[in-house]
Amino acid sequence: MATKLTWSQILAWRLRRQFVSGARGSGAVAVVRRLCGVQAQVASSAQLAVALRSERHEPGAIERALWADRALVKTWIMRGTLHLVPADRLADHCAALGTLRFWEKGSWQRGHGVTAEEIAAIIEAVPEALAEGPLTREELVDAVVAVTGDAHLRQALTSGWGALLKPLSRLGELCYGPPREGKVTFTAPRAWVPGWPGESPAHEEAGVRLAREFLGAHGPATPEMFDAWLFGGVARKAVLKGWFRDLAPELTQVETDDGTTLLALTEHLDDLAATESSAEVHLLPGFDQYVLAAPRTLAPLIPPELKPKVSRQAGWISPVVVHEGRVAGVWEAKGGEITLDLAAAVPRGPLDEAVARVRALLPG
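Numbering (this note's numbering) for the sequence shown: 1258 to 1621.
Worth flagging that the hints you see were computed from the coordinates, not collected in a lab. Model, not experiment: these values are computed from the prediction. Take these hints with a grain of salt, some might be off.
Derived lysine-lysine pairs resembling DSBU-like cross-links, with alpha carbons at most 30 Å apart [what the hints assert, rightly or not]: (1) Lys-1362 <-> Lys-1261; (2) Lys-1494 <-> Lys-1362; (3) Lys-1362 <-> Lys-1566; (4) Lys-1362 <-> Lys-1423; (5) Lys-1564 <-> Lys-1591; (6) Lys-1440 <-> Lys-1261; (7) Lys-1564 <-> Lys-1494; (8) Lys-1498 <-> Lys-1362; (9) Lys-1423 <-> Lys-1564; (10) Lys-1440 <-> Lys-1494; (11) Lys-1423 <-> Lys-1440; (12) Lys-1423 <-> Lys-1566; (13) Lys-1261 <-> Lys-1591.
Now the in silico label distances, taken between C-beta atoms and shown as ranges [claimed, not checked]: (14) Glu-1389 <-> Pro-1604: 29 to 39 Å; (15) Ala-1556 <-> Ala-1377: 21 to 31 Å; (16) Arg-1411 <-> Arg-1447: 31 to 41 Å; (17) Arg-1367 <-> Gly-1279: 45 to 55 Å; (18) Gly-1406 <-> Glu-1312: 20 to 30 Å; (19) Gly-1606 <-> Gly-1279: 43 to 53 Å; (20) Ala-1408 <-> Pro-1436: 24 to 34 Å; (21) Arg-1411 <-> Gln-1298: 20 to 30 Å; (22) Asp-1609 <-> Arg-1447: 48 to 58 Å; (23) Trp-1453 <-> Trp-1573: 27 to 37 Å; (24) Glu-1562 <-> Leu-1526: 30 to 40 Å.
For glycine and all other residues, C-beta sits at the position ideal for the given N, C-alpha and C.
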């Protein structure tokens, strides 16, 4: 018989596990680790997501963790989007995501104006090009063209959002390197990441580890929710099923108050059952993991009437106001001031405190 939980309990538990309640994260690396990565397409949103969850605000903490300590890595990973991930977890992400080689599909190749042979040549050339250290995008393109002798690749590699470099990031052959004179550089994880493994982890083990970590922050959830977060909902079904089959001895089914069946780590059941509904108010930045790791169709989190304001065109995820664990509106910052667009009643005192906290963390 499944354990009964309310969505209010689950959302309150997630807020606490994700360091939103209490801001108990002991630094940028600890926050990113607990969240299983932080989307970094918009750098200011990533910085705010970490700052709001940290016990102590440390300006420049992410940059130090990336470029001085090398404890975080910036790369295209989950769903092909730019993320910060703990350096010691990157190999597992690559092993798991490497089970789906989207660049081998003819439709993808045609959409990016390259052939299978050209993609193979890029994948072979980039590690050689990066062997001497970090390169700017322009230097990397020059090096790939020189190695392959294919001038057509110059246009393909310099257009779009780095689409032709994303297979390399998924294969663990490329990540962001330290900026140079205001320009992005790329480097090889094997040379940049401390303790990079000599061989890629087995995907069967890596996938189980990632699923366990996901459920520890974003659970209880379903395999499909995990798939949507990691792959964008296009995982190979046999692979996904195998990971959850291997993790099954650590899992227990729970049933929510709306009849949804989810999976929770058994070790968290008592804590979940003891969790009380949250009355807190929080402002979270755009692309926050509290929203990104859950389906946008999850009505207990995002009321259907608010979905168009939260999940906008071109994959844009708005900053949200959260009350009682549920999205109650959206917000934006202009000129140091915060404008609220609320769709539900939110207590004024806690809301003012949440606004003041975010305002203090926004760049001047």
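Hint check results:
1. Lys-1362 <-> Lys-1261: violated, 43 Å
2. Lys-1494 <-> Lys-1362: holds, 17 Å
3. Lys-1362 <-> Lys-1566: Distance ~34 Å between Lys-1362 and Lys-1566 Cα, so the pair is violated.
4. Lys-1362 <-> Lys-1423: holds, 14 Å
5. Lys-1564 <-> Lys-1591: Since the Cα atoms of Lys-1564 and Lys-1591 sit roughly 22 Å apart, the hinted pair holds (cutoff 30 Å).
6. Lys-1440 <-> Lys-1261: violated, 52 Å
7. Lys-1564 <-> Lys-1494: holds, 28 Å
8. Lys-1498 <-> Lys-1362: Holds, at about 23 Å.
9. Lys-1423 <-> Lys-1564: Status holds; Cα separation ~29 Å.
10. Lys-1440 <-> Lys-1494: violated, 40 Å
11. Lys-1423 <-> Lys-1440: holds, 18 Å
12. Lys-1423 <-> Lys-1566: holds, 29 Å
13. Lys-1261 <-> Lys-1591: violated, 43 Å
14. Glu-1389 <-> Pro-1604: 29 to 39 Å: violated, 58 Å
15. Ala-1556 <-> Ala-1377: 21 to 31 Å: violated, 45 Å
16. Arg-1411 <-> Arg-1447: 31 to 41 Å: This hint is violated: roughly 26 Å between Cβ atoms.
17. Arg-1367 <-> Gly-1279: 45 to 55 Å: At 50 Å between Cβs, range holds.
18. Gly-1406 <-> Glu-1312: 20 to 30 Å: At roughly 54 Å between Cβ atoms, Glu-1312 and Gly-1406 fall outside 20 to 30 Å, so the hint is violated.
19. Gly-1606 <-> Gly-1279: 43 to 53 Å: Since Gly-1606 and Gly-1279 have Cβ atoms about 18 Å apart, the given range 43 to 53 Å is violated.
20. Ala-1408 <-> Pro-1436: 24 to 34 Å: holds, 28 Å
21. Arg-1411 <-> Gln-1298: 20 to 30 Å: holds, 25 Å
22. Asp-1609 <-> Arg-1447: 48 to 58 Å: Roughly 50 Å apart at Cβ, these two residues keep to the hinted range, so it holds.
23. Trp-1453 <-> Trp-1573: 27 to 37 Å: Between Trp-1453 and Trp-1573, where Cβ atoms are some 34 Å apart, the hint holds.
24. Glu-1562 <-> Leu-1526: 30 to 40 Å: Between Glu-1562 and Leu-1526, where Cβ atoms are some 33 Å apart, the hint holds.
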